[in-house]
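Participant: One-letter residues, chain by chain:
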Amino acid sequence: MKEKVIEIINSILRENDLEMSVEEINDSTKLTDDLGLDSFNLAQLTVEIESEFGVDIFENGVISTVGEIFNQLK
Amino acid sequence: MIFWIERGIEIPYDELLEDLNNDNPKSDLPGYLYFLTLLKKLCGGRIFSSIDSVIHFLIENKDTMSFQIQTSGTTSVPKSITVKVSNCIRYVKKSKEESLKIWGMGYPHGSFASTQVFFQSLMNKETIYYVFGIDFKTSDQIFSEYKITNLSCTPTFLSMLLINLKKEYPSVLKITTGGEKMKNSLINSFKKIFSSAEYINIYASTETGSLLYSTTEYFSIPEKYTSKLKIEDGTLRVHRSLLNEVDKINDDWYDTNDLVEFVDDNHFKFVSRSNGYLNTGGFRVSPLQIEEKIMEIEGVKDVHVYGKPNSLLGSIICADIIGEGVSSKIIKSELMNRSIEKQMIPQIIRIVELFEHVSNGKKKIMI
Numbered sequence: 209m210k211e212k213v214i215e216i217i218n219s220i221l222r223e224n225d226l227e228m229s230v231e232e233i234n235d236s237t238k239l240t241d242d243l244g245l246d247s248f249n250l251a252q253l254t255v256e257i258e259s260e261f262g263v264d265i266f267e268n269g270v271i272s273t274v275g276e277i278f279n280q281l282k
Numbered sequence: 002m003i004f005w006i007e008r009g010i011e012i013p014y015d016e017l018l019e020d021l022n023n024d025n026p027k028s029d030l031p032g033y034l035y036f037l038t039l040l041k042k043l044c045g046g047r048i049f050s051s052i053d054s055v056i057h058f059l060i061e062n063k064d065t066m067s068f069q070i071q072t073s074g075t076t077s078v079p080k081s082i083t084v085k086v087s088n089c090i091r092y093v094k095k096s097k098e099e100s101l102k103i104w105g106m107g108y109p110h111g112s113f114a115s116t117q118v119f120f121q122s123l124m125n126k127e128t129i130y131y132v133f134g135i136d137f138k139t140s141d142q143i144f145s146e147y148k149i150t151n152l153s154c155t156p157t158f159l160s161m162l163l164i165n166l167k168k169e170y171p172s173v174l175k176i177t178t179g180g181e182k183m184k185n186s187l188i189n190s191f192k193k194i195f196s197s198a199e200y201i202n203i204y205a206s207t208e209t210g211s212l213l214y215s216t217t218e219y220f221s222i223p224e225k226y227t228s229k230l231k232i233e234d235g236t237l238r239v240h241r242s243l244l245n246e247v248d249k250i251n252d253d254w255y256d257t258n259d260l261v262e263f264v265d266d267n268h269f270k271f272v273s274r275s276n277g278y279l280n281t282g283g284f285r286v287s288p289l290q291i292e293e294k295i296m297e298i299e300g301v302k303d304v305h306v307y308g309k310p311n312s313l314l315g316s317i318i319c320a321d322i323i324g325e326g327v328s329s330k331i332i333k334s335e336l337m338n339r340s341i342e343k344q345m346i347p348q349i350i351r352i353v354e355l356f357e358h359v360s361n362g363k364k365k366i367m368i
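If you read the sequences in order, they're chains A and B. Letter by letter, the first sequence follows residues 209 to 282 of my numbering. Letter by letter, the second sequence follows residues 2 to 368 of my numbering.
To be clear, the hints were calculated from the coordinates, so they are not data collected in a lab. A few of these clues could be false.
[What the hints assert, rightly or not] Just a sample of chain B residues kept apart from chain A, beta carbon distances all over 10 angstroms, derived:
{"#": "1", "residue": "Gln69"}
{"#": "2", "residue": "Lys126"}
{"#": "3", "residue": "Leu314"}
[Claimed, not checked] Only some residues are given here: those of chain A computed to face chain B with a beta carbon under 7 angstroms:
{"#": "4", "residue": "Thr240"}
{"#": "5", "residue": "Phe248"}
{"#": "6", "residue": "Leu250"}
{"#": "7", "residue": "Thr254"}
{"#": "8", "residue": "Phe266"}
{"#": "9", "residue": "Asn268"}
Every residue, glycine too, gets a C-beta built ideally from N, C-alpha and C.
With the rest of the complex left out, here is chain B:
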């Protein structure tokens, strides 16, 4: 039985068990190693006789076990968030029968969404194909050969797949997206290619875990959460009892800073995030962190990084730069040479003469 597929390499459950019980795993696949390390930390060096005993251990101890997820902070320093295993597997469905599901994991390892896919698959001894980071030209071969049944990814990842997939893939029975706002037009677009697929749109965050589910871009607050979720001043607020790190919150209500817009009395859609992060293609990035990297480039005197709404990525990263002897191409090349992650490289770069500083402390551009 296969546990993990990455770059076409298959890791069986037997190998996972062997790697859990021993040091020096045979594989050096980054996605696999991330989840192996996570599992080893949770298991605390115990030796297991079977994968079933690992699953049993996780279920028995889910309320007391937690792990850390790194997320880019609102300052330039990335922060670490503690996630309880119980919160991560809140909605994991445990199947009594042997499952033949093959998950397409279209989230980067280390993200909260990827850990949810990981636990859902592991609990039922299913298979994950780590499709995040694939060359999209190979997507037809992957979907045809491996018959992925459950695709879980960001809307951007789904868009990129749809650009590259040309025929129907009836093996895909369920598509789940999250991490960015979804558009109904994209939902309609994939129905031709994934004609058998049921669709679920999930609203989740690292701080709260999964909270809301929908089959369109519109959400409503479910009855069980009427006392735990509310919309105030246009943003979604979550009661402290639903948070991963309840100890760090002084107020009863946590402001997600996710802006919503009502479409009727009961339904709303997410408009944007206003919490200092930019969400680009499902990646959460800090403008301040990007500004810091750009300021290191010779010739740059000042920089303002901001997001613009974009129908493909959610937000596109833009940078206005004051400097001498710099150009858009030079800035991009310098950032690429410094191994800055692709999502942190501004796509729209303008070289300007000065900024106007406005009362809220933000920089306003003067061309």
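If we strip away everything but chain A, and leave its shape as in the complex, we get:
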């Protein structure tokens, strides 16, 4: 599951010209500060993850780190 999430994040970074590929990602990696995602990129992330795992990661509140995404998908 973690590998797939990282793959999705990297594809969003590439597609939006954020030019940041995350090799070593950990639970505390911040979606906005570390990865540079804005609200539109985060919305894309929610759709891509929901399409893969059937879970809306923002449904129950705000997500700010990669670890919080993993927790939502457990």
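Following the hints, put chain B in place on chain A, whose structure we already have.
Facilitator: Using the frame of chain A, we list chain B on its own:
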């Protein structure tokens, strides 16, 4: 006394008065210039001796003055809506004492909601920090340094703040959101960070101004509006007497096309808009306008733009495209190169082989 803060630059009320009475303002901040221009138009070239006299003039003439707001139309042509000043300041509270409020304006200048914040602040000579468009990494510094007391923004803007703010900000005493449907889970999320803040959820539109208030995602029709608001066929209808442009409506009732769902006998929540617009992160965008922009890209043969419900943005913009030699990345890059506003760039783009056209005229996707 500070009137406006934008990108860390402070504009005092004295400078606003000077700019109102003269041409060639010193500042080129886009948010400030928008509201300065609006105020100048309303004041019609008059010279004022003080900000108090400007406020007095606005209050005295609120019923006869109006201004234009641009909104994306249901066709590809943006339309202009006339807004009466009286409708804009319908609920403005005028304080008798000197106010120390500092507003965080989290709406884009030019939107109806931003003008409401502008008038509310101006009428009481308060300060606005134009937080819309800030780099969210600086949000901690802004909230810590400027001690914002009243935050007015879309739910998306609030979500982005919450992602970036980590400590408590007790200076924030009131949070008002509008422009998109709110979720109770988001209301619960901000209570840790803005623990002192009272919360108000506003239902408003450019056509009607502010109509409904709530402290949750659920609304009810207040007693004073029982004869002026109704829900019919699942959508909210507004009596013509509450509209900004009453002359353009032939029927007694205006259909907002905002779909509602009852949660009990008296309370309802907004589900979505069905009026041809998509609401993404508080921006109202026209799918037809986006389709037109995408069709200009070389290799695109046909496109279908639509919205998908999204817990962060309200709706996320999606595009299904038929074309040759195009990819999601190419389409996004082309749109960015053409300086298309970010909210109009579809986040989900699929390259497909054909659409199926269905009876209602909408395109249905075939993969």
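Participant: Now look at each hint and say whether the structure bears it out.
Facilitator: Consistency of the hints with the structure:
| no. | hint | result |
| --- | --- | --- |
| 1 | Gln69 | 28 angstroms, holds |
| 2 | Lys126 | 32 angstroms, holds |
| 3 | Leu314 | 4 angstroms, violated |
| 4 | Thr240 | 6 angstroms, holds |
| 5 | Phe248 | 5 angstroms, holds |
| 6 | Leu250 | 6 angstroms, holds |
| 7 | Thr254 | 6 angstroms, holds |
| 8 | Phe266 | 4 angstroms, holds |
| 9 | Asn268 | 5 angstroms, holds |
The earlier numbered hint that this structure contradicts is number 3, and it is the only one.
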